[in-house]
Every structure is written in C-alpha cells, then in structure tokens.
Amino acid sequence: MTETSARPDGTASPAALEVDAPLVTEILTGFVREEVRKVGFERGVVGLSGGIDSALTLALVCRALGPENAIPVIMPYRASSPASERDARLVAAQLGATPLVVDISPQIDAYFAASPDTDRNRRGNKMARERMSILYDISLARGALVVGTSNKTELLLGYGTIHGDMAHALNPLGDLYKTQVFALARHLGLPAAVIEKAPSADLWEGQSDEDELGFEYAAVDLLLHHMVDERRTRAELRALGFADGFVDQIRRRVRDSQYKRRPPLIAKLSNRTIDRDFRYPRDWGH
Amino acid sequence: MVTTAESAAGASGILPEPAAEPGAAPEGPRTAIVVALAQLAPRLGDLRANLARHLELLGEAAGQGADLVVFPELSLTGYFLKDLVTDSAVRLDGPELAALADASRDVDAVVGCIVESDDHRFHNAAVYLAGGAIVHVHRKVYLPTYGLFDEARDLAAGSRFRAFEAPLRSAAPSRPWRVGILICEDLWHPSSAYLLARDGVDLIVCPSASPGRGVGSGSALGTAQSYDVITRTYAQLFTTYLAYCNRVGYEDGVNFWGGSRVVDPEGHLDGEPAGREEAMPLHRLDLGALRRARIANPMLRDERHDIVDAEAHRLRRRDRD
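Top to bottom, those sequences are chains Y and Z. Just so you know, the first sequence maps onto residues 33 to 318 in the working numbering. Just so you know, the second sequence maps onto residues 875 to 1195 in the working numbering.
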C-alpha cells in the first residue's frame, strides 16, 4: 500500500487515484505521435461530443500531431443537447482545430422509420455505430487514424457500444479512470464548461452517466483501482470501506462485459489459430 | 557525462606519490575510457533496419572518441516480439554479427539480439564485440514471465554470470577492465551482481528494455524510481561502475522510458540520466575513481565469500531434504 492510498482509519482515500499529470501527458502525447506516425500516418480523427473524454483526447492529438493534423468531427443527432455541440465547438476552437460537423439525424431516422417504437438503448447503439462508420470513412478519405476516447472506467464496466465508440485504432485514455481524466483535463486547461458539467453519453435527452450507472465515478473508480489494479481480496476491500453489495455489483459488471474487450472468438481447428498460437505484435515491422 | 566528469586522476589525496599512484602521471597509460549509451528505439522485428542504425551509431560514437558503445536489450529486434522471436534471431556465426564485429575494429560494442543455438534454442542475449570478433556472450538468465512479460514462453534461459576482460584496445588502458553483463531482469536479482563482483567486475553493463508504468503522483515513473535505486545501490555496494542503457519508443502502446545512465563506484550518477528520447550520451569512466572508491569503502576486500559458500552449502543440503 502506498502512504496515500488509505486514510488513517484504513478506508480507501481518493489520493490513491492521483496521477502525475505532466508525466502522463508526456507519455500519452508520445504514444499518439509515435503510434500514428510509425505506421505511416500524420493525422488523427476524433469524434468530438462536447464531453470531457473526447475533449481530452483531442487535446492530446493536437499536442502530438499539431492542431492542423487533428480532425475533430462533431456528429449531433436532432435530439442531442445543443449544449453538447456548443461545448464541442468551444473545445475545438480553444485547441485551434477545425471541426467537421455531420448531422446523423437523416440516416438514424431513416433506419428507424419502420419501427418508431424502438427503445432508446437500440437507438443509442445505432447512433454510436453510425458515428463510428463516419469516423472510419473520414479516416480513409483524409488519411487519418481514428483515435478513441474510451476511459478505463467505462471499458471495465462495459459502459460503451461494442463496434461503436469502442471501435478505434488507438486509445490514449484507456488506462485512465474517469477521475484521472478529470485531473488531466484540468491540468491541460480544457474549458470549465466541459470539465464541470455532469458526464453524459447524450444518447437521449437528460441522460446522465452516474444516474444510469447507479453510482458515482469517484466511488467506482476507487473500488476498481483497489479491485483491478491492486487485486485486493474481498476482506481487504471490506476493510477499505467498500460494501459487499457494491463489490458484487461491480465485479459482475466487469465479468459480464469481458466479451466487449476481446476480439471475436475463433473456433480452433489448426495448430496456429489467429491470436491464440499465431501471436504477432500489432507494431510488427514498425 | 564527459563534460561533467570528475577531475583527472591523481588530483585528490594528500602528498600523492606520482610515480607510485597508478594513472597519476599524465604521460602514463590511460586509466579512463569513454562509454556511449546508445539509447535508441528499435523497429520491431526489422533486423535489417536496426542493423543499419547500429552501424551508423557505432561510426558516430567512434568519431566522438568512444571506446565502448552499449545498446539496449534486444536492440537489433525490438522487445515484444512474440512469434517474431524465431524470425528475428541471429546466429553467432551469422552475417549480422559479422557486420557488427567488423565495425568493432574501431570501437567495442554491446548489442542486444536473439541468438539461436545449434540445437535451436532462442536466447535473449547481449553480445560483446571488439577488434573484429565476438568476445563474450551473455544469455539472459532471468526471463520475466509475469504481468506484461512473457519471455519464458518464447525464450530459453541462460545459466551463467561471468566477468571477462574487455579488450577496449582503442583505450590502451593501464590494466584491463573487467566487464560483466546483466540484461534487464537479471539486475533485479542481487545474487547476479554479487557473482559478477566476486568475479572481479569493474563495470557492470546492463542493456534494458524496461516498460514505463506507475504514474502515481510523484516526480518519476515507478519503474524509473526502482531502477534508480537498484543501479545506485549496486554500484555503491559492489564499488563498481554500472552502465545502464534502456531503450525508448513505444511498442503496441507500451512506452519505454529511457533514463540511461552511468553510476560511479560510489553510487553517484555521472551527470543527469538521459530523457525519454533517442540519445547517445558519452560518459568517462576512470579506473582511478574505482581505485579511490575501493580504498575508501573496502567492502569487496572484506567480503566473506567463505561464509556465503558455507551457508549456501548448508541451505542446499536443507532444501534437498
């Protein structure tokens, strides 16, 4: 245990999630720059929602490749909050990147025209995948790699759409919990409007991450840190102040969303099956 | 580093006897060597490109007056090779090491590569080349296979730690330098450094491919802090020089943090460690400083190897029971 990971009474302290923001910025900037350039690209494309994850991702891409090589894409649906687009434009303007705006309402409405009663989860997933397909089209059109915005909290909880926002070439934020995303965003001076508003996927009106998840990021991040990173036992988690019910709930979410974090299963037949015993690094030759 | 190296041998002490103190006379044999740490980012699985880069840097270092160039672990291949291990391997009598041996006529070199043996085992090796030939091969003993590491899946482990006389012929030193090589994880086992010290090592060379991780609040990466403690502790306790050459760059999202450095026999860093970018700092190492450190702190003289042997013998008997 580090000195700061628990309070004097033995319960978990938010200090356990503190990161060295300048160091993390340096590592992530280098990550984007090198992993983009060594495969022969110069540009990165980022879906910009107006939220904090995509704002931070765009900031890193701008630092790594220059704002002229960063392509923010704002993709509102007609029911999206106007504040989201406004905040997205604010972020792009602050970073000096020129955004593309693609309204996804026509294709979403056309698809669901025959089934107007479709529930909001299906609609939300469809929108996330529509946006993914636009980013990949721009990727080819502009010679830019798709840089994803999923953080470690949502990846572990499965709080994302597989083949939607979870599909991208590179992910700079995937090893940072949401709490740490906030810290890094503050360090990089992103607009207060983006940092201070309640996190939301904005897939339907009034959506809030924390309402939908049923817990606060600050609490779940602290638990995930002790459960996943530190591999604490149940007794240790209890001593750190995490209720058994909360631990069970999160453990189940992590387990049940494991499929989202893995490539599709391949039925094994030969002696060298891709990703099982045909194992090559992705940066092969780079 | 060369620009900040301690003052010339013989400048310290009261009433030195110039004729009796090795290295004191300016016209006497050279006691110092210059070591270059070639902190580079290899291309993963691209032997040809990496070999060309090695030859280029060897020429550059020789031109700057280096006597020895240390490259990082697996500098000819990159680190996270997985199935590329077998495709990226070289043989000790193969053309890649022959080209490097040829370049070693001008400057000694420690290069990292996968060496395939006659019976087709693949070792993570560091090869010391000098004067047109291979002088020594260290095969990594401790293959980390935990966390993000998977070395023992693809590689065979070495089984010896040996110090050897380094030619360093371009330096014409007053006496031969004894060099020992430990590759990355080998350094995390103090017994390996102890054995080299017992074998008379003057300079431990540690080629490394250390992935950066641990970004909690503080001033450095967790891994960098660990290596800082280990390198300075070993150099001080074994009163030896330690040259640590880590790589930089990224492989599949993993960063390598650089921080290459030379630690002197009193445990002090020679200048600042290198940063996270490609670099080739030069360091001046002096047998005079080694001598002074061992006079001031004669732990090696006083080391009770007989007790180590007796207790190891007893423990071995106990473990067999």
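Hint data in this document are derived by calculation from the structure and do not stem from the laboratory. Treat each hint with caution, since some may be false.
[Stated by the list, open to error] Take a look, some chain Y residues computed to stay more than 12 Å from chain Z by CB distance:
#1 Leu60
#2 Ala142
#3 Gly196
#4 Leu202
#5 Pro223
#6 Ile227
#7 Glu244
#8 Val286
#9 Phe310
[To be verified] Taking lysine to any residue pairs in the SDA-like style, the calculated list, with each CA pair at most 25 Å apart, reads:
#10 Lys956(Z) to Gln290(Y)
#11 Lys158(Y) to Ala224(Y)
#12 Lys70(Y) to Ser991(Z)
#13 Lys956(Z) to Ala250(Y)
#14 Lys292(Y) to Met1154(Z)
#15 Lys292(Y) to Asp1024(Z)
#16 Lys70(Y) to Asp920(Z)
#17 Lys956(Z) to Leu189(Y)
#18 Lys956(Z) to Asp980(Z)
#19 Lys292(Y) to Pro223(Y)
#20 Lys70(Y) to Leu1022(Z)
#21 Lys292(Y) to Ser171(Y)
#22 Lys292(Y) to His219(Y)
#23 Lys70(Y) to His994(Z)
#24 Lys956(Z) to Ser302(Y)
[Stated by the list, open to error] Which residues of chain Y face chain Z? A partial, calculated answer using Cβ under 7 Å:
#25 Asp52
#26 Leu55
#27 Ile59
#28 Thr61
#29 Phe63
#30 Glu67
#31 Glu228
#32 Glu242
#33 Arg314
#34 Trp316
#35 Gly317
Virtual Cβ for every residue (Gly too), placed ideally from N, Cα, C.
Against the 25 Å threshold, does the CA-CA distance of Lys956(Z) and Leu189(Y) hold or violate the hint? The given pair, whose Cα atoms are some 29 Å apart, is violated under the 25 Å limit.
Verify the proposed pairing of Lys292(Y) with His219(Y), using a straight-line Cα cut of 25 Å. Roughly 31 Å between the alpha carbons, so the hint for Lys292(Y) and His219(Y) is violated.
Hinted pair Lys70(Y) and Ser991(Z), Cα distance within 25 Å: Violated. Lys70(Y) to Ser991(Z) sits at ~32 Å, over the 25 Å cutoff.
Can the restraint linking Lys292(Y) and Met1154(Z) be considered satisfied, given a maximum Cα separation of 25 Å? violated (43 Å)
Quick check for students: does the CB of Ile227(Y) sit more than 12 Å from each CB in chain Z? holds (19 Å)
Nearest-CB test (12 Å) between chain Z and Pro223(Y): Given that every Cβ of chain Z is farther than 12 Å from that of Pro223(Y), nearest at about 24 Å, it holds.
For the pair we were handed, Lys956(Z) and Ala250(Y), check the Cα-Cα distance against 25 Å. violated (38 Å)
Going straight from one Cα to the other, do Lys70(Y) and Asp920(Z) come out at no more than 25 Å? holds (13 Å)
Gly317(Y) as chain Z interface residue, shortest Cβ-Cβ below 7 Å: holds (5 Å)
Between the alpha carbons of Lys292(Y) and Ser171(Y), is the straight-line distance 25 Å or under? holds (23 Å)
Per the CB criterion, is Leu55(Y) less than 7 Å away from chain Z? Holds: closest Cβ of chain Z sits about 6 Å from Leu55(Y), inside 7 Å.
Distal placement of Leu60(Y) relative to chain Z, Cβ over 12 Å: violated (9 Å)
The structure fails hints 1, 4, 9, 11, 12, 13, 14, 17, 18, 19, 22, 23, 28, 31, 32 (numbered hints given earlier, in ascending order).
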